[in-house]
Amino acid sequence: MFSDFSRDERIFSFIILGGLVVAGLAMAIAGRGDLLSTHGWLIFGLSLLAFFAAVRQFDRPEPSAERLSEYYDAPTRAGLVLTLIWGVIGMGVGFWVAALLAWPDLTFDVAWLSFGRLRPVHTSGVIFGFGGNALIATSFHVLQRTTRARLPDAISPWFVLLGYNLFCIVAASGYLMGLTQSKEYAEPEWYADIWLVVVWVVYFAIYMRTLARRKEPHIYVANWYYMAFILVVAILHIVNNLAVPVSFGSAKSYSLFAGVQDAMTQWWYGHNAVAFFLTAGFLGMMYYYLPKRANRPIFSYRMSIISFWGITFMYMWAGSHHLHYTALPHWVQTLGMAFSVVLLVPSWASAGNALLTLNGAWHKVRDDAVLRFMALAAIFYGITTFEGSFMAIRAVNSLSHYTDWTIGHVHAGALGWVAMITFGSLYSLVPSMFKRERIYSNKLVEMHFWLALAGTVIYVFAMWNSGVIQGLMWRTYDEAGTLSYSFLESLDAMHPYYIIRAFGGLLFLLGAITALFNVVMTIRMPAMEATPDRGRDLPAEPALQAGE
Amino acid sequence: MFKFHYRLERSALGLVGFIILVASIGGFIEIAPLFTIDETVEEAQDMRVYTPLEVAGRNIYIREGCYACHSQMIRTLRDEVDRYGPYSLAVESQYDHPQLWGSKRTGPDLARLGNKYSDAWHTAHLYNPRDLVPQSKMPAYRWLLRDQLRTDDLGQHLAALRAVGVPYTDEQIANATQDAYGQANPDSLEASGVTERYGEATNIRSFDGQRGRLTDMDALVAYLQMLGALTDAAHTTETAEAE
Numbered sequence: 001m002f003s004d005f006s007r008d009e010r011i012f013s014f015i016i017l018g019g020l021v022v023a024g025l026a027m028a029i030a031g032r033g034d035l036l037s038t039h040g041w042l043i044f045g046l047s048l049l050a051f052f053a054a055v056r057q058f059d060r061p062e063p064s065a066e067r068l069s070e071y072y073d074a075p076t077r078a079g080l081v082l083t084l085i086w087g088v089i090g091m092g093v094g095f096w097v098a099a100l101l102a103w104p105d106l107t108f109d110v111a112w113l114s115f116g117r118l119r120p121v122h123t124s125g126v127i128f129g130f131g132g133n134a135l136i137a138t139s140f141h142v143l144q145r146t147t148r149a150r151l152p153d154a155i156s157p158w159f160v161l162l163g164y165n166l167f168c169i170v171a172a173s174g175y176l177m178g179l180t181q182s183k184e185y186a187e188p189e190w191y192a193d194i195w196l197v198v199v200w201v202v203y204f205a206i207y208m209r210t211l212a213r214r215k216e217p218h219i220y221v222a223n224w225y226y227m228a229f230i231l232v233v234a235i236l237h238i239v240n241n242l243a244v245p246v247s248f249g250s251a252k253s254y255s256l257f258a259g260v261q262d263a264m265t266q267w268w269y270g271h272n273a274v275a276f277f278l279t280a281g282f283l284g285m286m287y288y289y290l291p292k293r294a295n296r297p298i299f300s301y302r303m304s305i306i307s308f309w310g311i312t313f314m315y316m317w318a319g320s321h322h323l324h325y326t327a328l329p330h331w332v333q334t335l336g337m338a339f340s341v342v343l344l345v346p347s348w349a350s351a352g353n354a355l356l357t358l359n360g361a362w363h364k365v366r367d368d369a370v371l372r373f374m375a376l377a378a379i380f381y382g383i384t385t386f387e388g389s390f391m392a393i394r395a396v397n398s399l400s401h402y403t404d405w406t407i408g409h410v411h412a413g414a415l416g417w418v419a420m421i422t423f424g425s426l427y428s429l430v431p432s433m434f435k436r437e438r439i440y441s442n443k444l445v446e447m448h449f450w451l452a453l454a455g456t457v458i459y460v461f462a463m464w465n466s467g468v469i470q471g472l473m474w475r476t477y478d479e480a481g482t483l484s485y486s487f488l489e490s491l492d493a494m495h496p497y498y499i500i501r502a503f504g505g506l507l508f509l510l511g512a513i514t515a516l517f518n519v520v521m522t523i524r525m526p527a528m529e530a531t532p533d534r535g536r537d538l539p540a541e542p543a544l545q546a547g548e
Numbered sequence: 001m002f003k004f005h006y007r008l009e010r011s012a013l014g015l016v017g018f019i020i021l022v023a024s025i026g027g028f029i030e031i032a033p034l035f036t037i038d039e040t041v042e043e044a045q046d047m048r049v050y051t052p053l054e055v056a057g058r059n060i061y062i063r064e065g066c067y068a069c070h071s072q073m074i075r076t077l078r079d080e081v082d083r084y085g086p087y088s089l090a091v092e093s094q095y096d097h098p099q100l101w102g103s104k105r106t107g108p109d110l111a112r113l114g115n116k117y118s119d120a121w122h123t124a125h126l127y128n129p130r131d132l133v134p135q136s137k138m139p140a141y142r143w144l145l146r147d148q149l150r151t152d153d154l155g156q157h158l159a160a161l162r163a164v165g166v167p168y169t170d171e172q173i174a175n176a177t178q179d180a181y182g183q184a185n186p187d188s189l190e191a192s193g194v195t196e197r198y199g200e201a202t203n204i205r206s207f208d209g210q211r212g213r214l215t216d217m218d219a220l221v222a223y224l225q226m227l228g229a230l231t232d233a234a235h236t237t238e239t240a241e242a243e
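So the protein sequences, as listed, match chains A and B.
Going by the working numbering, the first residue of the first sequence is number 1, and it counts up by one from there.
Going by the working numbering, the first residue of the second sequence is number 1, and it counts up by one from there.
Worth double-checking, as some hints may not be accurate.
[Unchecked claim] Chain A regions said to be covered by chain B (calculated; three or more residues, Cβ under 8 Å): (1) 104-117; (2) 260-266; (3) 500-512.
[Unchecked claim] Simulated pairs of lysine to any residue, SDA-like, Cα-Cα distance not exceeding 20 Å: (4) Lys104/B - Tyr325/A; (5) Lys104/B - Leu488/A; (6) Lys104/B - Lys215/A; (7) Lys292/A - Ile127/A; (8) Lys104/B - Leu399/A; (9) Lys3/B - Ser300/A; (10) Lys116/B - Trp143/B; (11) Lys104/B - Lys435/A; (12) Lys116/B - Phe487/A; (13) Lys3/B - Trp309/A; (14) Lys215/A - Leu13/B; (15) Lys215/A - Lys116/B; (16) Lys104/B - Gly270/A; (17) Lys104/B - Gln135/B; (18) Lys3/B - Arg302/A; (19) Lys104/B - Trp103/A; (20) Lys104/B - Ser300/A; (21) Lys104/B - Trp121/B; (22) Lys104/B - Arg394/A; (23) Lys215/A - Tyr6/B; (24) Lys104/B - Arg77/A; (25) Lys104/B - Trp309/A; (26) Lys104/B - Thr406/A; (27) Lys104/B - Met391/A; (28) Lys116/B - Trp103/A; (29) Lys215/A - Gln148/B; (30) Lys116/B - Ser486/A; (31) Lys215/A - Pro129/B; (32) Lys435/A - Pro217/A.
Hint data in this document are derived by calculation from the structure and do not stem from the laboratory.
The beta carbon of each residue, even a glycine, is placed where N, CA and C say it ideally should be.
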């Protein structure tokens with residue numbers, strides 16, 4: 001990492017790390033007697049370690065000027081490994097909380113081992129740790145290849161990647177200590193939120209600066225999605241997290257919004273975290289890696305335009321379908337339902353575009369597990385978006401809401417779509433990024449594919465069953481006009497499904513561990529001497545960084 | 001249209017501007033009116049604020065992630081009203097920063113839990129749910145009974161809540177710490193101030209059954225025991241039949 005930095009960049013990185021050391025110390029002192037100081041010391045310690053590691057490398061020889069005529073892939077390489085590490089952590093915790101629902105005494109009287117504190121570690125671990133790192137890593141790669149320009153400087157991609165992971169560490173460790181805003185998928189407290197905004201601004205700047213240097217007149221579809229992901233997530237994050245801290249020495253804050261306005265803002269955020277984090281970003285991934293791997297052009301350019309703007313416009317209306325039959329005014333519920341249903345059009349346009357791109361390459365889908373991951377992701381994307389539109393209909397929602405059906409739906413999307421497209425892209429990216437001839441073991445990729453598919457199907461079917469049973473039991477009346485089942489009877493009926501679900505999750509986790517092993521072994525293989533391809537994977541021309 | 005797009009996708013700033021514009025419309029139209037249309041939140045004359053002990057209890061509820069398995073929002077559906085009680089009104093959570101409506105019922109809804117069970121039941125249930133409900137999937141929160149409640153910064157908490165719109169008085173903020181103690185110690189000198197500042201209907205009891213000691217359990221049970229009791233609006237307003 002440091003050997004890629006020029007002398008000025010090394011000095012600048014000292015300033016950043018020094019600033020973080022001071023900020024951590026300030027938090028530790030201001031937050032004496034509060035959990036804020038624990039996070040202060042954590043930031044202080046991590047940035048001090050990084051600072052000393054950097055100082056020790058200061059005298060390394062400066063990088064050659066030739067580097068500027070190549071793509072800058074070091075942050076992507078690190079990001080790919082971090083993706084898998086967070087994946088194993090997030091899915092591992094997911095398996096554990098699934099087990100806790102079947103056997104709650106596994107809490108062992110340890111506060112941070114209880115379901116309520118571990119659950120956000122699972123959700124943030126997979127969404128932000130696994131998903132976020134995958135998006136950052138692949139976006140740097142896609143951005144450079146589709147603009148044929150090198151990233152604008154060496155520091156900012158590292159700042160984004162490592163800064164983002166610092167956010168993830170602060171978030172996850174905070175949940176274990178009981179620090180949470182309680183807003184789903186926006187749990188981290190105010191200081192972590194502010195830090196994420198800083199990281200995000202730099203991320204956006206990288207995108208704009210690289211686009212400004214592009215050698216291709218047109219901006220490729222994948223980048224529209226990555227840009228929508230960066231921009232809209234910024235808007236959602238800032239608005240939903242507006243809060244007043246108890247004091248600058250306290251980790252706790254109170255949301256600016258209350259009651260019904262807060263609920264609407266939260267689900268406007270929550271549903272669009274799904275839309276712009278877990279959909280738009282990963283569609284960007286799909287639009288680059290799927291056609292590339294299949295070696296086919298995208299089926300329809302016009303369909304991609306329609307689906308992009310359809311998704312960007314309509315998703316933002318859909319959040320209120322999380323609040324059917326609640327104290328939210330009826331007109332907002334109706335709007336949310338209507339847009340959720342129409343949303344199926346651009347969603348299926350994307351899924352269809354991906355699958356039609358595979359026409360003429362289906363034999364590759366049969367033979368190549370990597371491409372099969374991506375094809376399956378597109379299929380699950382289609383299934384999940386159909387289910388989502390269906391569940392947003394008020395009458396259906398009256399049954400599905402508050403039940404495991406929602407959990408099943410989310411995992412059909414998260415496991416079937418997000419994780420599959422990520423694994424597919426990752427497997428196709430790792431050999432070229434690390435300049436290895438091939439992935440360590442194709443057999444393991446094949447095994448991972450079937451573990452992932454089996455795990456997803458078992459998980460989703462278990463939750464469909466339990467959710468529908470639960471919903472029906474809650475609303476069943478007997479002939480005398482009284483409710484037939486107590487809540488406890490419905491809870492009892494869930495028990496076998498919770499065990500099956502944990503088993504499905506375990507299969508998926510084993511798949512992720514296989515992937516981590518396979519990638520580590522690939523990295524340990526000897527590097528390729530000279531590649532026939534190598535001449536082609538270069539920016540348009542020696543792009544000197546004058547004045548940057 | 002496609003010709004226009006052909007030009008648009010050649011401009012990074014153009015794309016950025018369009019994405020922001022197109023994405024902002026939905027949220028703006030759905031959220032902004034909720035602050036301006038008066039009918040969004042009902043009027044309730046008897047609406048009271050949380051006491052400092054209840055605020056602390058609510059924060060423990062948030063800390064332990066109770067909202068992940070329990071909703072506090074009874075929908076306008078017949079079976080929910082029959083099972084849990086009158087459906088929830090917007091006004092009932094108007095001082096909830098943030099709301100805890102929840103999205104999943106692994107356990108039952110809690111919007112009308114207040115005064116449904118005794119304090120001793122709650123304490124024993126939180127200590128080990130399976131002592132009372134053998135099939136329960138809830139973790140045993142034994143540490144709540146061990147841990148001393150932090151009260152020294154409760155005044156700051158109330159002040160922050162006032163900054164976001166909850167009508168706490170200066171007196172309530174100044175006495176927050178002693179009011180928290182008084183509410184859980186009915187025999188103490190501090191207890192009378194709580195009724196004075198928060199009304200006669202406030203529960204003043206030794207919630208966890210341990211006198212003289214203020215634990216996290218005291219706060220959480222105090223909070224659970226007033227769920228649904230901030231206002232009578234849901235019981236008294238002539239509300240339309242549940243669907």
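Quiz prompt | 20 Å limit on alpha-carbon distance, applied to hinted pair lysine 215/A and tyrosine 6/B | solution = Given pair lysine 215/A, tyrosine 6/B holds - Cα atoms ~17 Å apart, limit 20 Å.
Quiz item: Can the restraint linking lysine 116/B and phenylalanine 487/A be considered satisfied, given a maximum Cα separation of 20 Å?
Solution: holds (16 Å)
Self-check item: Pairwise hint evaluation, proline 129/B against lysine 215/A, where the allowed Cα distance is 20 Å at most
Solution: Violated, because 64 Å separates the two Cα atoms, which is more than 20 Å.
Exercise. Confirm or reject the coverage of the stretch 260-266 of chain A by chain B under the rule of 3 or more residues with a beta carbon closer than 8 Å to the chain's beta carbons.
Key: holds (count 7)
Exercise. Would you check the hint for lysine 116/B and tryptophan 143/B, treating anything up to 20 Å between C-alpha atoms as holding?
Key: Distance ~24 Å between lysine 116/B and tryptophan 143/B Cα, so the pair is violated.
Practice problem: Take a quick look at whether lysine 215/A and leucine 13/B sit within 20 Å of each other, Cα to Cα. | Solution: Since the Cα atoms of lysine 215/A and leucine 13/B sit roughly 16 Å apart, the hinted pair holds (cutoff 20 Å).
Quiz prompt | Agreement of lysine 116/B and serine 486/A with the hint, judged by alpha carbon distance not exceeding 20 Å | solution = Since the Cα atoms of lysine 116/B and serine 486/A sit roughly 16 Å apart, the hinted pair holds (cutoff 20 Å).
Self-check item: Straight-line alpha-carbon gap lysine 3/B to arginine 302/A, limit 20 Å
Solution: Within the cut-off at roughly 11 Å; holds.
Practice problem: With a cut-off of 20 Å on the C-alpha distance, tell me whether lysine 104/B and leucine 399/A pass. | Solution: holds (12 Å)
Quiz item: Holds or violated: lysine 104/B with arginine 77/A, Cα cutoff 20 Å?
Solution: violated (38 Å)
Quiz item: Quick one, are lysine 104/B and tyrosine 325/A close enough, alpha carbons at most 20 Å?
Solution: holds (15 Å)
Quiz item: Keeping to a limit of 20 Å between CA atoms, is the pair of lysine 104/B and leucine 488/A held or broken?
Solution: holds (15 Å)
In this structure, the earlier hints numbered 3, 6, 7, 10, 11, 15, 20, 21, 24, 25, 28, 29, 31 and 32 are contradicted, and the remaining ones agree with it.
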